[in-house]
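Protein chains: 4
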Amino acid sequence: MEDLRIGILGHRFMGRAHSNGWSQTTKFFDPPYKPVLQVACGRDGEDLQKFADRWGWAEIETDWKRVMERDDIDVIDISLPTFMHAETAIAAAEAGKHIFCEKPICNTSEQARAMQAAAEKAGVVHYVNHNYRRCPAVALAKRMIDDGELGEIYHWRGAYQQSWLVNPDHPLDWKLKKDTAGAGPLWDLGSHAVDLAHYLVGDFANITSQGKQFTEERPLASDPSKTGKVEVECAALMMGEFKNGALATIETTRYATGRRNRHTFEIYGSKGALTWDMEDMNRLKFFDNGSPEHLVGFRDILVTERSHEYANAWWPPGHIIGYEHAFVHACNDFMHAIKEGRTLDPDFAEGIRIIEVLEAALKSMETGARVKL
Amino acid sequence: MEDLRIGILGHRFMGRAHSNGWSQTTKFFDPPYKPVLQVACGRDGEDLQKFADRWGWAEIETDWKRVMERDDIDVIDISLPTFMHAETAIAAAEAGKHIFCEKPICNTSEQARAMQAAAEKAGVVHYVNHNYRRCPAVALAKRMIDDGELGEIYHWRGAYQQSWLVNPDHPLDWKLKKDTAGAGPLWDLGSHAVDLAHYLVGDFANITSQGKQFTEERPLASDPSKTGKVEVECAALMMGEFKNGALATIETTRYATGRRNRHTFEIYGSKGALTWDMEDMNRLKFFDNGSPEHLVGFRDILVTERSHEYANAWWPPGHIIGYEHAFVHACNDFMHAIKEGRTLDPDFAEGIRIIEVLEAALKSMETGARVKL
Amino acid sequence: MEDLRIGILGHRFMGRAHSNGWSQTTKFFDPPYKPVLQVACGRDGEDLQKFADRWGWAEIETDWKRVMERDDIDVIDISLPTFMHAETAIAAAEAGKHIFCEKPICNTSEQARAMQAAAEKAGVVHYVNHNYRRCPAVALAKRMIDDGELGEIYHWRGAYQQSWLVNPDHPLDWKLKKDTAGAGPLWDLGSHAVDLAHYLVGDFANITSQGKQFTEERPLASDPSKTGKVEVECAALMMGEFKNGALATIETTRYATGRRNRHTFEIYGSKGALTWDMEDMNRLKFFDNGSPEHLVGFRDILVTERSHEYANAWWPPGHIIGYEHAFVHACNDFMHAIKEGRTLDPDFAEGIRIIEVLEAALKSMETGARVKL
Amino acid sequence: MEDLRIGILGHRFMGRAHSNGWSQTTKFFDPPYKPVLQVACGRDGEDLQKFADRWGWAEIETDWKRVMERDDIDVIDISLPTFMHAETAIAAAEAGKHIFCEKPICNTSEQARAMQAAAEKAGVVHYVNHNYRRCPAVALAKRMIDDGELGEIYHWRGAYQQSWLVNPDHPLDWKLKKDTAGAGPLWDLGSHAVDLAHYLVGDFANITSQGKQFTEERPLASDPSKTGKVEVECAALMMGEFKNGALATIETTRYATGRRNRHTFEIYGSKGALTWDMEDMNRLKFFDNGSPEHLVGFRDILVTERSHEYANAWWPPGHIIGYEHAFVHACNDFMHAIKEGRTLDPDFAEGIRIIEVLEAALKSMETGARVKL
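Chains as they are written, first to last, in our numbering: chain A, 1 to 373; chain B, 1 to 373; chain C, 1 to 373; chain D, 1 to 373.
Simulated from the structure, these hints should not be mistaken for lab results.
Check each hint, because a few of them may be wrong.
[As the list claims (entries may be wrong)] DEER-style ranges, computed between Cβ atoms:
{"no.": "1", "chain 1": "B", "residue 1": "Gly-123", "chain 2": "C", "residue 2": "Arg-342", "range": "41 to 49 angstroms"}
{"no.": "2", "chain 1": "C", "residue 1": "Gly-45", "chain 2": "B", "residue 2": "Asp-146", "range": "38 to 46 angstroms"}
{"no.": "3", "chain 1": "B", "residue 1": "Pro-292", "chain 2": "A", "residue 2": "Gln-49", "range": "35 to 43 angstroms"}
{"no.": "4", "chain 1": "C", "residue 1": "Ala-117", "chain 2": "D", "residue 2": "Thr-227", "range": "44 to 52 angstroms"}
[Claimed, not checked] List of simulated lysine to aspartate or glutamate pairs, EDC-like, C-alpha gap at most 16 angstroms:
{"no.": "5", "chain 1": "A", "residue 1": "Lys-50", "chain 2": "D", "residue 2": "Asp-30"}
{"no.": "6", "chain 1": "C", "residue 1": "Lys-177", "chain 2": "C", "residue 2": "Glu-231"}
{"no.": "7", "chain 1": "C", "residue 1": "Lys-34", "chain 2": "B", "residue 2": "Asp-53"}
{"no.": "8", "chain 1": "A", "residue 1": "Lys-339", "chain 2": "A", "residue 2": "Asp-30"}
{"no.": "9", "chain 1": "D", "residue 1": "Lys-27", "chain 2": "A", "residue 2": "Asp-53"}
{"no.": "10", "chain 1": "C", "residue 1": "Lys-372", "chain 2": "C", "residue 2": "Glu-231"}
Remember, predicted model here, so these are calculated numbers, not experimental data.
Glycine included, each C-beta is placed from N, C-alpha and C at the ideal position.
Between the sequences and the hints, there should be enough to build the whole structure, so can you do that?
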């Protein structure tokens, strides 16, 4: 089996999740390459070395440009904060590396178009890691919709709710500054929510949005006795219509007390309905409108059967998997895409479409008016 | 105990629910009056007589104006289609009758204001029967919010979803015509949804809305071989901000396959969160953010304890009640309001405020722009 | 419509539930008789009069024997404590009255056989009010099993759990004395649990049981400063095999903290499975083993459709009913049984079979050995 | 960090789960040793080599006795069928190896006692891998009980339900033969169920049991056109009393249609109650009897908070883990036990106590009588 040598940029939360993703592929799947954790790149050399030791990265590097220059690296894994995606991805493309990029693709559609152009020009595989698509239950939802189990779709009712900003002591970190984060939950959570809506229903025809700042000031991380201005919205609502005529609502917030990571959707169609919630990620609820009337009801599908997407690679039916497994699925699928010489969905082109929706929402948030797409 | 003589207008679905409401009050509660089912009024004399016999209405009448003229009637119970509310309510007020009016109050805020003015001028008790307020779980939610259990409220995520129009054979009935229904689910379901949002969070500062017609034509009820145009929206979304700064989304639809009568809300505040669903109406879910971290979680309160609103009147803890019980609570509370010489919430003034929100939504639905309230 | 004149014995919890049952039949159903609430009988004349006034009983009587002597009474409704059932039922039979008897039938199988013999000899309709059979969801379970949806049945996993004795201050009432209650939860709750097992699976071939006294002494109701001995078991477990080969476990207890009235079963068969819980009585969960593998799951049937048992009489789909409705169903079915000249299940013969199971369990509780039936 | 060299016996389902367990410890935890996957042992050389390549076992070996003779092996990981545990474990002990033994400990209490004696004599660390103890939610349950959150415990209602034998075509494998499996679900599933009951409530004072064979013959694995006799029970019920006075029921079965791996318990105590289900393993339901009456309810604790057992090592709150993670916890805890020179619970002594309960149940199954422990 041929080696596929990876250079990873970033070594925090996503660095861990991606490292585990690459490592576990060969244990549970049969990828077409052997992923080699070649070099880990970050600015803090000491922390970086610990990370490399723990996860088995062979080398470390503190200047990401040098990683691009190496001939022995096949894949650049971008696990950096969003505002660093565009520059690094374009450089990787220019260096002829395949690109596994953490979501959201970047902070503006202009950047995203440049990323996509560079990657296409270089002929490399490009992928934006909206990992929720690769939860078995979400992949099953996609299969069911493609199989026509839902018929014509009328409604998407989505939400991505977290609660970590309910705590007034949470400091003013990079996710709360405009230049680093682009926007608030609209970007961070909304990009995931729009990705699933695109994946399962299709593109939007228009979008309307409303945002809100519940907290104006927060303690500085560097000096909690001082405060600074929160520069992004605390919560963002979206409402819109898909090109196929279905309606959508999407709520994104970091102020939903009691919701730690509730990414949820309800889909209603002429023949059936589906609901899902990331906090209970192994289950898909399905209402089959074609059942005899006295037997209709939402059924609770535990998505761990042999015939379920990805499930057969893990454990026998009834044994659930967790959050990090979707990253393993993504890493494995990415290697197959390289082997087959194609991009992997959601690719940078899809990344552009997601950002365009979010930019339309940002615009609507200011004007209060519906924005066509 | 003094008699309270009631004249009811209408004898269909709501006629039954109201008749049962009046009848059961004296069995389970101790109202200050004995409600006497004096006269039932409707146009179809034969059906009406059967209705009167079944429910114990002493007399029948086919001209509602004659009911108003009677001196022996204390209360007019309006269980008619919405477009008939204003005329009958104003006549009732002018005749000095107390008014128990089915929801929504009427089809325009102009009518609503006339109704309220007439009732206030006459000094009669007026009430709009948004019955869900009087489900024990909703009343408990109100108490908890008033007690400060939720702190500052950030989010209202509501929906009122039904599915009866998913069937393409459903005929073009009065609820699908503009002159009789006013609007589609926005009016019928949205008035309930806005009522609960007002009750539990407060008035709106602005509203944005989007509607959709999934089905353009439906079979005529009179001749199913022909079709006619559906004149109202099939589904309506709302998004807005409350005057206290909380955000809201509300979805109303008759195309939510699998949802028969799902009236639901999620409320997130700084200290806690609540969720409720009418299809599981005896339960209120509560997240107490003040619990020790290792014990936090949404708790499933079965609202049948002795100390729960209305519950003590029925059965021992653990024995649930059903849909019609909220009507009994409303009838009982209405009699107390008469005794105490005050209106009963939601009264006609509140009815006006609800209609104003719906009219703003209708306007936004056309323009795509946010409307201030 | 012919009158059916009822005399009720007892006016506490069950007196209320039965009175409501008779009253509501004509509002929501079309019984073959008009039930007339003729006479209410009890020992406490003052309380009894209040009860009669509230529920519309025309007369009161403090000596139950005089009720039996009246020619104008067609039905005796026995809503008394269990230990009074046998004597009153036999007298009613001898007086030629139809008998609507609250559960459990009585305290010994010997009494039960005497009751059944008397009723059969008199040719009257006899019925034991195990009301849970007439919850729509339970009736649907029965239909589904009869339709073969479950195939061969392997397992019954039942429980009837309450929690009112967790409170050490609960006084030593009649339910805790051997001569009045017969036994503890085994009798009170176990009779219901065995009734449903009989109804849905069949008769038992053998039973093993184990009981326990968690609390030895409780305050006297008459003088809480003194305590008396609890004479019945606090909790009782049963385990056994049905004649058709299925296995069963049943737990009955008043010490299940958090369970107010959780009467629940799980049934597993070769083709499907069902679960139900009285605290969520409008729902039946169904696993259809014949679904395509990727779509299998327990479905949540909201038993309020037009085609569901009893449901059509009440409200549109999605509008739930409550605890007392099963009593209305029982009263209505009882009147049909009279009209058709047959007993109503569970009748006294079934009552005997239930008591025989409970007596076997009591015996096993002492010896620790399996008892054949 | 010192190496800890492991030799694993077995390379099927448990071989995978254990290999993953050892591998992931150093990624997510900080064990006191570096586990080295030194040698994998099995009879089928070709399959074994593939397994070793996939999981990184340095060498393979087809004779387990030779593994014992090696000086460079510190730990023997027994991932073999149950009937091979005793011989291999005793040999490992005699060779001075620490023993990580898959559950159940073995097939007879006599064997178990020999295993324990050998391990104690050798002074090695011994552990039986009842992995469910190390699910965060179960570990939290233990902490809560130790903290007194449940008060005096009254009831344990447990079940371990699977459904793979509902299929009549399932062949007669080693789990269905007496000499290899010992017994049916009583052993395989019941050992887990008893382990959790011991862990959370305590030892049993007596046990009563009942078993059943739903299927007498099954196709031979070697030749499906022929059938052979199923030698073990298809389902087993247990009922008993703990030494502390609490009552228990436990159902174990492979015929619970719709349940893939439902290991569940309900615990009721004087101050609170808990429920858990392995198919939803990240959640613990808790009823706090000390809440104000109007706020009581079962709360759904998502056991992913920083302060929850094991959770901090994985992902942020709200990100669930899966089945295999409990094995990682066990491997990590085992290494700490070695470092600290103590056995790890459940150790072989606990393994004996579990087998004694199961043997008592087997005996009761035959006689139908309660068996003291």
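Do the hints match the structure? See the list:
| no. | hint | verdict |
| --- | --- | --- |
| 1 | B:Gly-123 with C:Arg-342: 41 to 49 angstroms | violated (59 angstroms) |
| 2 | C:Gly-45 with B:Asp-146: 38 to 46 angstroms | holds (43 angstroms) |
| 3 | B:Pro-292 with A:Gln-49: 35 to 43 angstroms | holds (37 angstroms) |
| 4 | C:Ala-117 with D:Thr-227: 44 to 52 angstroms | holds (50 angstroms) |
| 5 | A:Lys-50 with D:Asp-30 | holds (12 angstroms) |
| 6 | C:Lys-177 with C:Glu-231 | holds (5 angstroms) |
| 7 | C:Lys-34 with B:Asp-53 | holds (12 angstroms) |
| 8 | A:Lys-339 with A:Asp-30 | holds (13 angstroms) |
| 9 | D:Lys-27 with A:Asp-53 | holds (9 angstroms) |
| 10 | C:Lys-372 with C:Glu-231 | violated (26 angstroms) |
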